[in-house]
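**Q** Listed here are the chains, written in short residue letters.
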Amino acid sequence: MTAALPADPLPHDPMPGCALPGTPLADALPGINACVHCGFCLQACPTYLNLEDENDSPRGRIFLMRSLLEGTVKPDDPSVQQHIDQCLGCRACEPVCPSGVPYGQLLEATRATLRESRPTPFLARLILFVFAREWLLRPAMFFSRILAATPIPTLLSGINGRLGFAMAMLASTGRSIERSRYRPVRHGERGKVAMLRGCVMDGLFNTTNRATERVLAVNGYAMLDAPGQRCCGALHAHAGDLATARSLARRNIAAFERSGAQFIAVNAAGCGAIMKEYGHLLKDDPEWHERAARVGARVRDVSELLAAAGPREGGPLPIRVTYDAPCHLQHAQRVTQAPLTVLAAIPGLELVPLHDSDQCCGSAGIYNLIEPDTSDAVLAPKLANIRATGAPWVATGNAGCLMQIGAGLIRAEISARSIHPVDLLDASYAALGQ
Amino acid sequence: MTPPQASPAQTPSSTVSTQSAVAERLAEIVGERHVLSRQSELLVYNSDGLPGYRRQPKLAVFPGSGEEAVAVVRFLAKQGLPFVPRGAGTGLSGGALADDIVVIGLHRLKKIISLDVENRRATVEPGVVNLRLNKHVAPHGLLYAPDPSSEAACTIGGNVAENAGGPHCLKYGVTLNHVLAMTVILPSGEIVELGSKVGERDGYDLRGAFIGSEGCFGLALEITVKLTPKPQTVRTLLADFMSVDAAAHVTSAIIASGIVPAALEFMDGPTIRVVEDSIYAAGYPRDAEAILLIELDGLEAGVAADLETVRRVCLDGAARNVKVARDEAERMKLWQGRKKAFGAMGRLAPHLIVQDAVIPRTKLPEVLATIHAISEKYGVVVCNVFHAGDGNLHPNIAYSADDPAESERVHKAMIEIMRACIDAGGSITGEHGVGLDKMGYMEAIFSETSLNAMCELRSVFDPERRSNPGKVVPVHACKEWRAVSGGRLRIAEPPAEVHEPRPLEAEPARPSAR
Chain A
1 MTAALPADPL
11 PHDPMPGCAL
21 PGTPLADALP
31 GINACVHCGF
41 CLQACPTYLN
51 LEDENDSPRG
61 RIFLMRSLLE
71 GTVKPDDPSV
81 QQHIDQCLGC
91 RACEPVCPSG
101 VPYGQLLEAT
111 RATLRESRPT
121 PFLARLILFV
131 FAREWLLRPA
141 MFFSRILAAT
151 PIPTLLSGIN
161 GRLGFAMAML
171 ASTGRSIERS
181 RYRPVRHGER
191 GKVAMLRGCV
201 MDGLFNTTNR
211 ATERVLAVNG
221 YAMLDAPGQR
231 CCGALHAHAG
241 DLATARSLAR
251 RNIAAFERSG
261 AQFIAVNAAG
271 CGAIMKEYGH
281 LLKDDPEWHE
291 RAARVGARVR
301 DVSELLAAAG
311 PREGGPLPIR
321 VTYDAPCHLQ
331 HAQRVTQAPL
341 TVLAAIPGLE
351 LVPLHDSDQC
361 CGSAGIYNLI
371 EPDTSDAVLA
381 PKLANIRATG
391 APWVATGNAG
401 CLMQIGAGLI
411 RAEISARSIH
421 PVDLLDASYA
431 ALGQ
Chain B
1 MTPPQASPAQ
11 TPSSTVSTQS
21 AVAERLAEIV
31 GERHVLSRQS
41 ELLVYNSDGL
51 PGYRRQPKLA
61 VFPGSGEEAV
71 AVVRFLAKQG
81 LPFVPRGAGT
91 GLSGGALADD
101 IVVIGLHRLK
111 KIISLDVENR
121 RATVEPGVVN
131 LRLNKHVAPH
141 GLLYAPDPSS
151 EAACTIGGNV
161 AENAGGPHCL
171 KYGVTLNHVL
181 AMTVILPSGE
191 IVELGSKVGE
201 RDGYDLRGAF
211 IGSEGCFGLA
221 LEITVKLTPK
231 PQTVRTLLAD
241 FMSVDAAAHV
251 TSAIIASGIV
261 PAALEFMDGP
271 TIRVVEDSIY
281 AAGYPRDAEA
291 ILLIELDGLE
301 AGVAADLETV
311 RRVCLDGAAR
321 NVKVARDEAE
331 RMKLWQGRKK
341 AFGAMGRLAP
351 HLIVQDAVIP
361 RTKLPEVLAT
371 IHAISEKYGV
381 VVCNVFHAGD
391 GNLHPNIAYS
401 ADDPAESERV
411 HKAMIEIMRA
421 CIDAGGSITG
431 EHGVGLDKMG
441 YMEAIFSETS
451 LNAMCELRSV
461 FDPERRSNPG
471 KVVPVHACKE
481 WRAVSGGRLR
491 IAEPPAEVHE
501 PRPLEAEPAR
511 PSAR
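Protein chains in written order, with our numbering: chain A, 1 to 434; chain B, 1 to 514.
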């Protein structure tokens with residue numbers, strides 16, 4: 001072999017200067033650079049599997065992010081905005097990524113950057129506006145609670161479109177498991193815990209919040225109050241409104257610092273995920289960064305605290321339950337076993353495996369209201385899989401998933417109901433009399 | 001099998017010339033949502049798993065059924081338009097890039113058409129993901145043997161195009177050995193059956209010619225694959241070494257002992273450490289300079305004996321430890337680390353260049369030493385992770401393209417590494433294909449006669465050179481290439497002048513693509 005080897009140009013072109021200097025996206029470049037384009041994320045992505053276009057895959061969206069920085073696409077390009085908007089933010093791509101691309105952070109940075117060049121949809125803006133303000137959130141939740149107690153949501157849950165879906169979501173919140181009252185014996189030997197009350201959890205899942213306090217008490221945690229706490233800011237961060245998310249985070253950090261709690265218990269996976277990442281959210285804030293990281297390190301999903309304590313076995317609850325893993329619990333927090341450990345502490349409970357339980361349900365915060373078509377497409381196989389289990393209960397530990405699956409079950413006329421694992425454990429303790 | 005037929009209504013016939021008119025006609029076939037023509041939406045289709053190469057397609061079309069795919073190809077044939085078929089875009093040679101022409105994405109064709117457990121075969125559409133096929137057949141005690149490291153993402157259609165390999169091809173053979181038959185649409189729009197579901201057909205093996213043709217011969221729309229019974233026993237060993245040289249010698253010694261392992265994989269120190277930093281950390285010893293991952297399968301009794309032999313060969317060859325996976329979970333962990341190693345290298349630097357060369361196994365020690373010397377000379381870190389059993393090297397270099405000096409050093413190092421592989425009697429690609437990336441090396445290993453023979457073979461399937469133009473064989477090596485204007489949406493001149501037939505000269509046998 002004598003032919004000379006070619007002097008072909010090295011294929012990589014250097015980035016010709018950043019097109020969006022000083023933006024959150026420019027800041028995220030190292031995370032973008034970690035992507036080697038291997039494509040291992042494709043089959044984990046619910047929007048890629050449903051929309052069948054790589055623009056709607058993690059690899060494709062990262063490529064769009066890079067292209068935004070290179071200047072080959074502009075932030076006001078409607079198709080780029082559409083594909084970034086269509087991401088559920090489920091982060092199922094993260095645990096399969098060999099390079100450890102922090103996709104959730106890249107998405108937030110991109111949305112924050114795009115937000116500057118176009119308005120957020122009105123409905124999203126309205127929801128975010130209300131959630132950031134106690135004086136609006138309380139009456140809104142009060143009104144929702146009153147409405148949920150009437151037959152109206154159930155009556156309207158069948159109508160087409162988002163209004164019908166929203167009504168079905170409300171209707172699904174009033175269908176928890178019956179249980180008798182019990183008074184937990186309080187030892188508190190496992191440490192002091194303050195709970196994030198949350199917005200939707202506090203407003204529509206108050207039963208679950210009370211159950212969370214009781215089951216933690218039964219398992220040896222001393223429950224403290226943390227007054228002054230607010231919405232966690234997850235919805236705002238996911239929509240790219242980082243300023244509001246940070247302001248809410250600072251209030252929560254201060255509130256939980258004051259409480260003196262060793263652990264911060266969170267029973268909504270989406271809230272827990274962002275709180276654990278408060279350090280990243282405030283990374284550029286010299287005054288708050290360390291405090292944020294310290295508070296973030298004390299955050300636990302309620303199932304983690306319960307699993308660490310056993311949890312204590314309850315009374316018999318002979319029901320069939322299937323479990324759906326919330327994305328922000330399994331992918332963002334990487335908590336997979338703890339909820340199953342909680343369910344295993346309930347004698348008589350039969351856990352029916354759910355096919356593709358690791359797939360997103362399409363809730364994704366307020367995504368189901370903003371991107372209804374894609375959300376429905378992602379929800380459809382979930383409902384079919386739930387139907388196939390024949391189980392009358394679907395346990396899942398996140399407010400959004402509870403309502404998304406709950407609403408889907410109502411609208412598809414499947415008799416199963418969604419429920420938080422903590423409610424099941426609580427019912428089991430109630431059966432024991434404590 | 002009934003070949004997919006296009007209904008006449010689905011094949012718009014009059015000639016159209018503008019991009020928007022072509023897009024409109026394609027949208028009539030596949031639906032508007034599945035045709036992309038905006039520049040900003042086509043960007044993500046401008047690279048595959050080797051993103052250093054970028055070529056912007058003119059249009060992307062994603063048929064949702066075999067019938068739609070047929071209609072698309074026939075429409076493009078009528079218009080005389082070139083196109084590039086694309087699977088999941090996980091290729092590592094730039095093979096699925098479309099330079100200003102139409103890209104046909106086949107990822108929506110993901111039906112497993114039939115599974116015949118008794119005869120151990122399955123018929124699938126080209127967009128079925130390799131791992132999904134394996135999960136589908138696993139409950140029946142069967143598996144599809146070719147297991148490229150990208151199995152979780154790559155498609156069977158792409159595997160056919162590249163004649164994909166994988167760790168277990170050492171014992172089980174490559175894609176070529178596991179595809180029985182295909183329904184292929186030729187670029188002309190004609191549908192042909194290649195191979196036979198029941199066994200070898202008489203005559204020339206056109207199926208064999210098609211597999212590994214890198215999308216240049218047409219599109220396989222239905223692929224019937226052979227399924228393999230799961231072995232009774234599988235044992236996986238991890239041997240770690242304090243020198244690359246020792247591991248390389250042991251590789252040859254294992255094969256020389258007469259044992260054919262199901263897989264025999266090599267990872268060097270830098271690769272071990274990058275994997276251990278990732279979520280696919282497999283428990284490889286971080287301080288080792290090399291590990292061998294050796295899998296033995298077959299009947300219980302035979303595997304037990306082989307296991308002892310391999311263990312002894314490893315220890316005799318200065319292995320520090322030899323560990324056998326205790327259970328399936330540990331075995332999977334060891335394998336996941338190996339299979340995700342390529343992806344994990346994004347941790348080292350923003351850009352990655354990956355090579356794929358085959359050398360005679362016995363030359364491993366000296367070639368690896370040469371590669372090490374080259375990496376020292378240029379001050380670059382080479383991560384070696386490869387299929388040692390069949391001498392298929394994958395040197396990877398992570399670097400920053402933003403640093404021109406570093407880029408230059410990486411460039412020179414890679415050329416010297418390839419040179420060393422070729423000088424050792426090797427080949428330029430084991431399993432990634434030639435695509436764009438290796439095209440420049442083709443003339444270094446093939447004579448003009450051989451290259452012309454390849455061009456002539458291509459003429460049989462695609463006389464107009466419209467399917468994946470500008471790949472595999474360098475343009476100037478094929479005289480008839482002049483007719484195609486190198487990837488414009490419109491072909492400037494009438495296709496392909498007729499080529500004078502020439503006798504084939506004897507060509508020294510090359511290691512088969514794997």
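The reader is advised that the hints may include incorrect statements.
Among the chain B residues that face chain A by a calculated CB cut under 10 angstroms, a handful are [said to hold, decoys possible]:
no., residue
1, Arg132
2, Ala152
3, Arg320
In case anyone wonders, no lab produced these hints; they're calculated from the structure. Note that the structure is a prediction, hence the values are computed from the model and not measured. We treat Cβ as the ideally placed atom computed from N, Cα and C, and that holds for glycine.
**Q** Hint by hint, say whether it matches the structure.
**A** Results for each hint:
1. Arg132: holds (8 angstroms)
2. Ala152: holds (6 angstroms)
3. Arg320: With a closest approach of 26 angstroms, the Arg320 of chain B hint is violated.
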